[in-house]
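Line by line, the protein sequences are chains E, D, C, H and U.
Counting in this note's numbering, the first sequence tops out at residue 166, every number present.
Counting in this note's numbering, the second sequence tops out at residue 459, every number present.
Counting in this note's numbering, the third sequence tops out at residue 766, every number present.
Counting in this note's numbering, the fourth sequence tops out at residue 960, every number present.
Counting in this note's numbering, the fifth sequence tops out at residue 1625, every number present.
These aren't lab readings, by the way, just hints derived from the structure by calculation.
Ideal Cβ positions, reconstructed from N, Cα and C, are used throughout, including at glycine.
One or more hints might be untrue.
Just so you have them, the derived chain U footprint on chain E, three or more residues with Cβ under 8 Å [said to hold, decoys possible]: (1) 15-25; (2) 31-45; (3) 55-62; (4) 80-87.
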Amino acid sequence: MHLAQQQHTFEPKIFAFVCTWCTYAGADLAGTSRMQYPSNVRVLKFPCTGRIDPVFILKAFQQGADGVLVSGCHPGDCHYIAGNFHARRRFAVFRKLLEFVGVDLNRLQFSWVSAAEGGKWVEVVTDLTEKVRNMGPMTEFKELAMEEQWSGAINTPELKEAYNAI
Amino acid sequence: MNDTLKYAYYPGCSLHASAGEYDLSTRELFSALGISLTEVPDWFCCGATPAHNVDELLSLSLCAKNLELAEQVEGDLAVACASCFSRLKFTQHTLEENATKRKQVEKAIDAPVKLDGKVKHLLEILAKDLGLERLAASVSKPLAGLKVACYYGCLLTRPTDVPNLDCPEAPTIMERVVEASGAETVAWTHRLECCGANFTLSRPGVVLQLTNAILDSAKAAGADCIMVGCPLCHGNLDIRQKEIENVYSAEYNLPVFYLTQLVGLSVGLAPDQLGLNAMIVNPTPLLKEKGLL
Amino acid sequence: MTSTLIETSIYAAISESIQAEAKRILSDGQVSTIVGYAAARRKGSAQPIVITDASDAQKLIFTPACVNNLAVYLTKAKKDIPKKGKIGIVVKGCDMKALTGLMGESQLKREELYLIGVPCAGVLASTFAPSQELTDESLAPKCTECDAHLPTGCDFVPTETPLTPELEKKYAVEIARLEALTPAERWAYWKEQFAKCIKCYACRQVCPFCFCEQCLCDRNKPQMVETTPRPAGNTAWHIVRAMHLAGRCAGCAECERVCPMDIPLNLLNRKMAKELKELYDHEAGFEVTEKGPLTMFNEKDDQSFIK
Amino acid sequence: MKKKKMLLSQETMDTGFIRKVETLSDTSVRSCFQCGKCSAGCPMATFMEHPPNRVMRLLQLGQWQRVLAGRSIWYCASCETCSTRCPNKVHLASIMDALRKLSWDAEGPSKESYVQLANKLFLQNISSYGRQYEMRLAAVFNVKSGQFLKDMMLGPKLFAKGKLKMFQRKNKNLTEIQKIFSRIEEMRKKGEAL
Amino acid sequence: MSRIGVFICHCGENISRTVDVERVARDVGRLPGVAFSTDYKYMCSDPGQTLLKKTIQEQKLSHVVVAACSPRMHEKTFRKAVEAAGLNPFLCEMANIREHCSWVHENIEEATIKATEIVGMMVERVKKNRVLPTITVPVTKRSLVIGGGIAGIQAALDIADAGHEVVLVEREPSIGGHMAQLSETFPTLDCSQCIMTPKMVDVANHPKIKLYTYSEIELVEGYIGNFQVTIKKKARSVNEDTCTGCGVCMTKCPQKKIPNKFDQNIGMRTAIYIPFPQAVPNTPVIDRENCTKFKTGKCGVCQKVCGPGAVDFEQEDSLIVEPVGAIVVATGFDLYTIDEKPKGSPIKGYGEFGHGKIADVIDGMTFERLASASGPTGGKILRPSDGKEPKQIVFIQCIGSRAREKGISYCSKVCCMYTAKHTMLYHHKVHGGQAYVFFMDARTPGKSYDEFWRRAIEEEDAVYIRGMVSRLYQKGDKIVVMGSDIAVGVQVEIEADMVVLATAIQPQKGADLLAQKLGISYDKYNFYSEAHAKLRPVECATAGIYLAGACQGPKDIPETVSQASAAAAKVMTLFSKDQLEREPIVARVREAGCVGCFACKKVCAYGAVEEKEIRDRQGNLIKVVAYVNPGVCAGCGTCQATCPSKCVELDGYTDEQVIAMIEAL
């Protein structure tokens, strides 16, 4: 299947927060191996998954991300001894919180991708992109932002008229 | 280089029996090329495989005796049969390396062992002593269009460091000789595989299986015929070819020439000078088809 | 349906014990200051008080209206408290948990405190008048889930033992209800709740764990969280706050009590506490620990959610 | 025998036999490190119950009874492929020669009699005639092995082609050959040769 | 306003084939703050870098983004170039449009859009980049070496010979380690003690080496260049300064039947003892557990016979603090035993070999002591059970090693070679004896190693049998070995007089505890982890700590010595500077906002976060805040993600930079 040649009505925006030592290097390997994957992903490099603040995920969704990937070193492989272990707890809890406020966790993927796993990087990115594509756009946070613009819904005939007149 | 090459000639038992055409064609070819062959007087059987198989000392002694006899004749020793060639070379090699065995052999033949004389297979004489250029110059009827599968078998080249005829795993000497005669050669897979000659008497079933694989490979490579330098290989490939075709339901119809027969043809010798009529698989249709008769 | 009366008759005796103890420790100079509850102007109501003189000890009371978590006065508001000597503080079991957490986070030192524990059967919900009888209906929701009626690790605790009937756990029931919904339904629920928020930050002000000098959500370089009181910023604020309290909040529910817009904020905190209990068997506030659940790890932690 | 457990001890491992083989073959038995290349290339391996590498292994452990009992050594075609390709310069074909010789001497318990018979007749021919007498060799073999009709179809054709001679001239110097046979026998009796 | 320069690299055709680089340059040129943008064939080439430098100066650029390959490839290159042009190197960022874009996408339109976005993201990021000064920390030019085996000795001598002081700490009463126990060494069969003891004496006499034997590491504080190490010197009961090493005490000691650990407990020693005659220092130690004086209060013979009066029963453990700049860890190995292991331990014993209860089943190290001329049998190979010479001896390789079921999956690396050596020693010492070796694979990579192994078989009569032994059991005074020769395909049974097991190499007991004190990582077997398996094999991830020898993984002597010298070279590299420079990607605390909850300290794996008191001018304590020691901080940023008020920030990866990137997309 050739992804690039398929026509899609919706191209999701995927943010990937990755550590520089494992997953970033794994993505580099996918490149040097000339593997192909959807171009939707934007990679943000961090020294370690331990540096990745849950607020960044929230911010990403607010900025219009349809899916977020957080990826780092396998347990035991952390360049900084234990950053990924701290990250694992932090995100285990944060995803539960997001779930509770109504975020569909299918949009948020965590993975361990080592510097040797170019293939796994491709698989993870492709899977998330396809999954999110099928789910459609992430509207929740965007709608909130829209509401800010209008300090309320256009729910009266007067407002509608005024709006249409613009 | 001396214009007249002179050799002592050791035909071996088979050339005086089942491989008479090899002996005949050798003598005719060499005389046509101006090479002198003088048969070693009263030579003995070299012992061949059966002797070294069960009694190496006997094998060495027989060969040492023959080497001693060959000393009487001027020139290096020319050998036609691959098996005799192998045994004689082995004897020289072993006795040079192993002083104990050398002493035992000297005792058995009651004479000092002489290892100075060179033992040469006919191929070596044609390719090196005479030289491919001179050989090619003698060709009057090039074997144009004839696709030859050169079959070395086991003993011409193996093992490393003993016959020293050519590379043991990728020899080309037969191809070079027959190409000098104007023939084409084919690249094929089984040219160094064993035909099982040792079992031709005792376990013919084994021989059929091994030889069939060789014929099959030559045929698959598009050969018109096979060229050999050993009467034992010839026996299996030629004499048993019909039987193999029957047993394995195959059709090969591959004439099996001695190298001297093919080279002889190219220098213009007549079929009866080369003993072509002694071949079991009739070569006449092939040679006629190629315009070589 | 008739409501169940919660027995509070021991509160009077407790008040007397507190007064006596306060008088004693202030007189002999064991403490310089005591933070406690005193009667307020409205009938039956109570308010926090800071006393430094033994003669003020008789002002101290304990009633079902003593809802405040006084621990907050030892963090943000501690500038109002004289710095000399030990500080005495009147604490309910739930407030004690906050103190325990603050000690673990280097905000308080046990040796600088004199803890006057209060055996407590429960306090009034903020939606009821202070003079109201304490029943299972008027009881503060957090008290339905209370597991610390008797505070532990205090310097002084009156001997009275409260009667504590088994009640329906109000937050657990609500969390279960929300969990059973679809993500879209939950989103709709919280969207409505957060939309009400006016960003008054009363929740932050009253929380003993919001002790940061500069809140992340006030920063504008970079602006991590929208500061405007509009839906997007409100949602972000409450999510970030819940995350920051995860593993620390022990459920005093003051945020929810003081919220002028009645946003069920403690629900988020209880949900986080529930998850931390399930994931790492952690319950906040029972003992002073060197590290909290999110500042430590175990190599064998669950990672079934990670590919 | 083949599957029976090996009890290894200095008594059961006949190192004297290994030395004999090494002397006869002039090659080191212990150099073999069991890479298996000999068995990989042996044209006869499929006919053997012990492939060449296992023959070497049994020999290293001094288990000559197991080696000689099998027909493996008699099914060696002496094609020299193993010797040519051995990474350790083990001259396995020569070791096979030595084993056959020792089996022959021990009137070995091998089941393989046809090959042995053919060899025996071949050597007899040499001592009787000086050279091979192919016709007689085949005929006597067929009689002795009880396969009277073997290769009967080939006979007339070969005869017609002049490939079979009815009579064989004996070497004039036949006595010299016979002396070689007898001198070797004598040396062996005296223990001067193996 | 920033004046950002953007340089889009074609990378030959590697990028320009799928990314329309000119369009990217044009589009990003319109972004606010971008003063200059261009594309170029090869940015990393000499002319490419010259273009970069020239443009920085001509255009007076404030920041640079190079869109090319992965920063893992060329970030250093371009930052250097930027620095040469007079800009702080950390004002340059790379946008990865090759590995993450042109190589993984085929559609030109998609790849071009993506590349533009990636570059745009980096443009927004670089705007928030700050000038970062290089960090320097002072270096104490003294080194600690932990472990006095051949690794520690070699490292200590190398460092000391370079003129730096070395503190060498050894747990046992003498240095020498396992190598001193060996009889002869492969592949040359030279006597271990003959080559070892001169080095031990060198250590003792070296003016730059301070030797602490019978001592252990108690506490390690500090960071690279500036460690404070507390050493516990155990009470020796003999004064090292006054003892002359005459040895009278030992000859007179009435307790003579104490198993000597150095002789694998087959030889005996006295209660006051040196483990072996060539011990360094040559000062005895009293084994208080077995000394009559300490047990009953009566005796004291040693004290009475000691001329210089060196015996001191009252001596106590003492603590010494040594400041050092670097630490070489060379704690070596221990041997696996086939005994039953306590429940819960991941390592299991060998019930099928009798759990160590058959007296004449010994391990390789015991065989070394038997074969050693200075060993308990004077170099004769004799059975522990009855002192008879074993006529049939069986060696079994891979005991514990490569046995996942037993809890160890790695190869111990040296057993193939030392077993071959054992068969040779046996062949030389026991005439008419026969050695058998059961092995699965012979692993002999190393100079002259395979030849050595072949020699054991081809010249020294060892019979090697490929196949693991299934079971051992005692039958009369024989040990029945049940194996199989897999080359033949039949079972093999040998009635042996003695069985020698090539047991696995494991880290020293307590290796994990020491690692925790040092703050270095270790694997599941407790072998210490190097910073990079291939490219940084002698350094720990923790800066300033280096590894030598088998504490890192199984190693033979030449490898151990090589690594020890390599570790010493690393230490000397560190000591070649007075000040230590390091990349300034470290965390910093905004003290004004810090409330001192120390969540950052709790998550820091390096112990880089300290508590700092803030006082007013009168000296009154205002508050306690976190302080990140830039010499120790490794720059992971876990502290920042944990800090609730974000009062600790990782330079180079600040929230501002991250949020700018997110908002750019």
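Do the hints match the structure? See the list:
1. Coverage of the region 15-25 of chain E by chain U holds. Counting CB-CB distances below 8 Å, 4 residues qualify, and the rule asks for three or more.
2. As drawn, the region 31-45 of chain E meets chain U at 11 residues by the rule of a beta-carbon pair under 8 Å; at three or more, the given contact holds.
3. For the region 55-62 of chain E, the stated coverage by chain U is satisfied: 3 residues place a CB nearer than 8 Å to a CB of that chain, which reaches the threshold of 3.
4. For the region 80-87 of chain E, the stated coverage by chain U holds: 6 residues have a C-beta nearer than 8 Å to a C-beta of that chain, and at least 3 were required.
Comparing the model with each earlier hint shows no violations; every hint is respected.
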